[in-house]
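Number of protein chains: 2
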Amino acid sequence: MSGEDAPAQQQNAEEQKQQQQQQETKTPAESPKTESKPDPPPSGASTEAAAADTDTPAPAEEKAPEEDTFSYRALVLTGYGGYDKVKLQVKKGKPALKSGEVMVRVKMCGLNFADLMARQGLYDRLPSPPVTPGMECSGIIEAVGEDVTDRKVGDKVLVLNRSGMWQEVVVVATTHTFLIPEGMSFEEAAALPVNYITAYLMLFDFGHLRPNQSVLIHMAAGGVGIAATQLCKTVNDVTLFGTASASKHEVIGQGGVTHPIDYRTRDYVEEIRKISPKGLDIVLDPLGGSDTHKGYNLLKPMGKLISYGAANMLAGQKKNLFAVAKTWYQQFSVHTLSLIQGNRSVCGFHLGYLDSETELIAQAMAAVVDLQGKIKPRIDSTYHLEQVGDAMRRMQERNNIGKIILTTEPMKEEEKKEEAKKDEEKKKDDKKKDDKKKEDKKKDDAKKEEKKEEKKKEEAKKDDKKAEEKKEEAKKEEN
Amino acid sequence: MSGEDAPAQQQNAEEQKQQQQQQETKTPAESPKTESKPDPPPSGASTEAAAADTDTPAPAEEKAPEEDTFSYRALVLTGYGGYDKVKLQVKKGKPALKSGEVMVRVKMCGLNFADLMARQGLYDRLPSPPVTPGMECSGIIEAVGEDVTDRKVGDKVLVLNRSGMWQEVVVVATTHTFLIPEGMSFEEAAALPVNYITAYLMLFDFGHLRPNQSVLIHMAAGGVGIAATQLCKTVNDVTLFGTASASKHEVIGQGGVTHPIDYRTRDYVEEIRKISPKGLDIVLDPLGGSDTHKGYNLLKPMGKLISYGAANMLAGQKKNLFAVAKTWYQQFSVHTLSLIQGNRSVCGFHLGYLDSETELIAQAMAAVVDLQGKIKPRIDSTYHLEQVGDAMRRMQERNNIGKIILTTEPMKEEEKKEEAKKDEEKKKDDKKKDDKKKEDKKKDDAKKEEKKEEKKKEEAKKDDKKAEEKKEEAKKEEN
Numbered sequence: 001m002s003g004e005d006a007p008a009q010q011q012n013a014e015e016q017k018q019q020q021q022q023q024e025t026k027t028p029a030e031s032p033k034t035e036s037k038p039d040p041p042p043s044g045a046s047t048e049a050a051a052a053d054t055d056t057p058a059p060a061e062e063k064a065p066e067e068d069t070f071s072y073r074a075l076v077l078t079g080y081g082g083y084d085k086v087k088l089q090v091k092k093g094k095p096a097l098k099s100g101e102v103m104v105r106v107k108m109c110g111l112n113f114a115d116l117m118a119r120q121g122l123y124d125r126l127p128s129p130p131v132t133p134g135m136e137c138s139g140i141i142e143a144v145g146e147d148v149t150d151r152k153v154g155d156k157v158l159v160l161n162r163s164g165m166w167q168e169v170v171v172v173a174t175t176h177t178f179l180i181p182e183g184m185s186f187e188e189a190a191a192l193p194v195n196y197i198t199a200y201l202m203l204f205d206f207g208h209l210r211p212n213q214s215v216l217i218h219m220a221a222g223g224v225g226i227a228a229t230q231l232c233k234t235v236n237d238v239t240l241f242g243t244a245s246a247s248k249h250e251v252i253g254q255g256g257v258t259h260p261i262d263y264r265t266r267d268y269v270e271e272i273r274k275i276s277p278k279g280l281d282i283v284l285d286p287l288g289g290s291d292t293h294k295g296y297n298l299l300k301p302m303g304k305l306i307s308y309g310a311a312n313m314l315a316g317q318k319k320n321l322f323a324v325a326k327t328w329y330q331q332f333s334v335h336t337l338s339l340i341q342g343n344r345s346v347c348g349f350h351l352g353y354l355d356s357e358t359e360l361i362a363q364a365m366a367a368v369v370d371l372q373g374k375i376k377p378r379i380d381s382t383y384h385l386e387q388v389g390d391a392m393r394r395m396q397e398r399n400n401i402g403k404i405i406l407t408t409e410p411m412k413e414e415e416k417k418e419e420a421k422k423d424e425e426k427k428k429d430d431k432k433k434d435d436k437k438k439e440d441k442k443k444d445d446a447k448k449e450e451k452k453e454e455k456k457k458e459e460a461k462k463d464d465k466k467a468e469e470k471k472e473e474a475k476k477e478e479n
Numbered sequence: 001m002s003g004e005d006a007p008a009q010q011q012n013a014e015e016q017k018q019q020q021q022q023q024e025t026k027t028p029a030e031s032p033k034t035e036s037k038p039d040p041p042p043s044g045a046s047t048e049a050a051a052a053d054t055d056t057p058a059p060a061e062e063k064a065p066e067e068d069t070f071s072y073r074a075l076v077l078t079g080y081g082g083y084d085k086v087k088l089q090v091k092k093g094k095p096a097l098k099s100g101e102v103m104v105r106v107k108m109c110g111l112n113f114a115d116l117m118a119r120q121g122l123y124d125r126l127p128s129p130p131v132t133p134g135m136e137c138s139g140i141i142e143a144v145g146e147d148v149t150d151r152k153v154g155d156k157v158l159v160l161n162r163s164g165m166w167q168e169v170v171v172v173a174t175t176h177t178f179l180i181p182e183g184m185s186f187e188e189a190a191a192l193p194v195n196y197i198t199a200y201l202m203l204f205d206f207g208h209l210r211p212n213q214s215v216l217i218h219m220a221a222g223g224v225g226i227a228a229t230q231l232c233k234t235v236n237d238v239t240l241f242g243t244a245s246a247s248k249h250e251v252i253g254q255g256g257v258t259h260p261i262d263y264r265t266r267d268y269v270e271e272i273r274k275i276s277p278k279g280l281d282i283v284l285d286p287l288g289g290s291d292t293h294k295g296y297n298l299l300k301p302m303g304k305l306i307s308y309g310a311a312n313m314l315a316g317q318k319k320n321l322f323a324v325a326k327t328w329y330q331q332f333s334v335h336t337l338s339l340i341q342g343n344r345s346v347c348g349f350h351l352g353y354l355d356s357e358t359e360l361i362a363q364a365m366a367a368v369v370d371l372q373g374k375i376k377p378r379i380d381s382t383y384h385l386e387q388v389g390d391a392m393r394r395m396q397e398r399n400n401i402g403k404i405i406l407t408t409e410p411m412k413e414e415e416k417k418e419e420a421k422k423d424e425e426k427k428k429d430d431k432k433k434d435d436k437k438k439e440d441k442k443k444d445d446a447k448k449e450e451k452k453e454e455k456k457k458e459e460a461k462k463d464d465k466k467a468e469e470k471k472e473e474a475k476k477e478e479n
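Heads up: the protein sequence lines correspond to chains H and Y, in order.
Residue numbering for the first sequence follows UniProt numbering, beginning at 1 and increasing consecutively.
Residue numbering for the second sequence follows UniProt numbering, beginning at 1 and increasing consecutively.
For the record, the hints were derived by calculation from the structure and aren't laboratory data.
Check the hints yourself; a few may be wrong.
Which copy is meant is left open, so a pair is good if it fits within one copy or across any two.
Derived DSSO-like pairs: lysine-lysine, alpha-carbon spacing no greater than 30 Å straight-line [to be verified]:
#1 K152 x K442
#2 K443 x K85
#3 K98 x K278
#4 K156 x K233
#5 K85 x K318
#6 K156 x K92
#7 K442 x K274
#8 K98 x K300
#9 K318 x K294
#10 K421 x K278
#11 K432 x K318
#12 K421 x K274
#13 K98 x K319
#14 K442 x K417
#15 K416 x K152
#16 K152 x K376
#17 K432 x K85
#18 K278 x K416
#19 K274 x K300
#20 K156 x K274
All values derive from a computational prediction rather than experimental measurement.
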């Protein structure tokens, strides 16, 4: 475990300057006036916050900084687009605490598919840029607002929020924090809320999973996929079908997937029908588009299809209008009469739209924490805030097995230099890829043109043949 | 309880003749050749059946009849249309028993909404006429086929089947029979399968009903409505909204409906929003059409809408093309993106499409029977087979509170005479109603015509006024 100590603020500011030069981020002076941002609400220097601060035992090695020098690093989505749209910036001024709120010094943040959608402007739950993304983190309570009785300074908590979690300091309603149970690391805690609450509510509330049932999990090596697998294993004799590329089959098989299917080389519908001819009890569908249709048709009587995303919309780093339009066009729509005749259920789930349902979330969180021992988040990799682009790329290209985590621990100097080199290589690589794509397109176009020509010729031949046949028929008739 | 003894066959034949004269049914000679009917499969005189029959202790007062004189009364849907399309006929010949089948001497049959739909040709699970309708009955096992080990002659059973239950003798797979628990009458047993399994699977499988949740039950005084109310009461602190006409409120209130709503005089959506501003956890929707839209919009996050019929299609005795088209046109269709953003579930249920799911049904039936004591079917009324028209009319006009039952016990002579009188009166009444409708329509048309005229006159006046105004304006401009 890393990052147990809060980073020293002054050191951060230093690093920030260097880092800006490397990553072309804005200078601190240009950092967005967070005044207008809804989440978390900051302020200049409120007396409550100051009072709370002096009460706080300094968790850092150095003394707590003065209010006016209070600053912290934050990832900021500066506009919709590619990986480089998320920049590391420094926010200044100590956030004020309202009644019922707490301030958390963040250790680890979780990366989710919704964050990728958000960056492309495909997720309407994130306020407009500039805004700090991130739905979950773990850390230590640094200050508590008025009327907060269930949390105290020093508590280790995990946090679930609509947005704003990818920064070193967050202010949230205490109802959005949950105590980290004994024996759970900050990484694991940051990996828990979104994936496990999502999987839990889908499987046990909408899905009503019971022993001897069968479940299909797409992207079985992803965060929700692994959470769902572990939760299915808490029920006896559940048959699990999981799609993932072949290289991940060993891991997901060990994790509990009964039948891993390589969706890149096999028709998963066919594979499932071979093993389970009657179909499935539950289909978890994060893909959308044509895969939702396939999932629906795989349902047994009393089966449930649970749609929780449209990952098919993500094709590349930037918004791909064709992929979006195709996924949207193919998006599943169902008539109640079809549901009645099939005795089927179609459900939609997205945790991002449940942020006001604090009681529901708290119950699900408690249920998930109660299962500790039976479940354990699998961490794929941990990136520094500076490396958020790489982290996003790894998820989007589906190279991860388990959860991708961002740590607020600052990068070391040597790491940074190496990173800079890698960045250069990546840029070259991206350019090569782009060039190759263009070339391939040209070749494709040429081929298509050739084919068209051939087709035309063939059709012309057919027409000639027909004409001849007609002539012959006419002759016959004459005879 | 009536009809404990099996009716004597010869007496039945006698009665049948008289009854035909009253109800204008076909003569027995014209009774449909059941050879071609899929369900139940009869035969001329198979030796197995004969053997089984001689083994059977004669349950009737008279001696068991010879095979070739074996006959039984059956209700037969002779074609799609009004109440008179279901006729009482006599079937001849003893049904053969295949391996795994049992023959049941029927005591009581249940009436369901699907039977009304079927009569109008709106239910595709009933084979084409001529066919015996009916999805449930109770009775006593009279013979068992080969390989039947779990049932014996004399067992009291309830039966759930796709169709064919409205007759004195039925032959079904043993898996479609369930032992009637101690202390349950034949009426109650016949009222149990369709309504309670439907309500059970909807509330607990699709709905995942839990304490402190809220449920809307339409047609709360109907068979499924009362079953659902009783099942909801087995869970702590469930808030129940139930729609029914005002005259039924006392009964459904006593039964457990927290907030009865008269849908004829109130906007139920408004009433529910007043009490439960956030909406509902579960909506059971047997109506279809625009009510499904209303139900969907009433759902809380994680709410479930369960559609299980299209009662709105039934408007009158015969198929009403306008009602069908309107219900069909307004039928609900939903897009997964809407479900995702609302965190909602839409389910379809119909027991008629689950007839091959014997394990699922058996589990639900066992669960329902286990709740005996907490649940108890409410019998609205019991009709003789001869009165099936009245029974269907009572259900269709929604005059029942609870289940409508058909008994196979033959009608007494005096009753029949009274019935004949009533029939005459009803016919007159129907004619009066028709005449009144026609008259009302004439009056309405006349009124509409008047209104149109008035409107025209008013518009003419307005036009005059406008013309004058224009003139005045023109004058002003001149000045």
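Ascending list of hint numbers which this structure does not respect = Violated hints: 1, 2, 7, 10, 12, 13, 14, 15, 18 and 20; rest satisfied.
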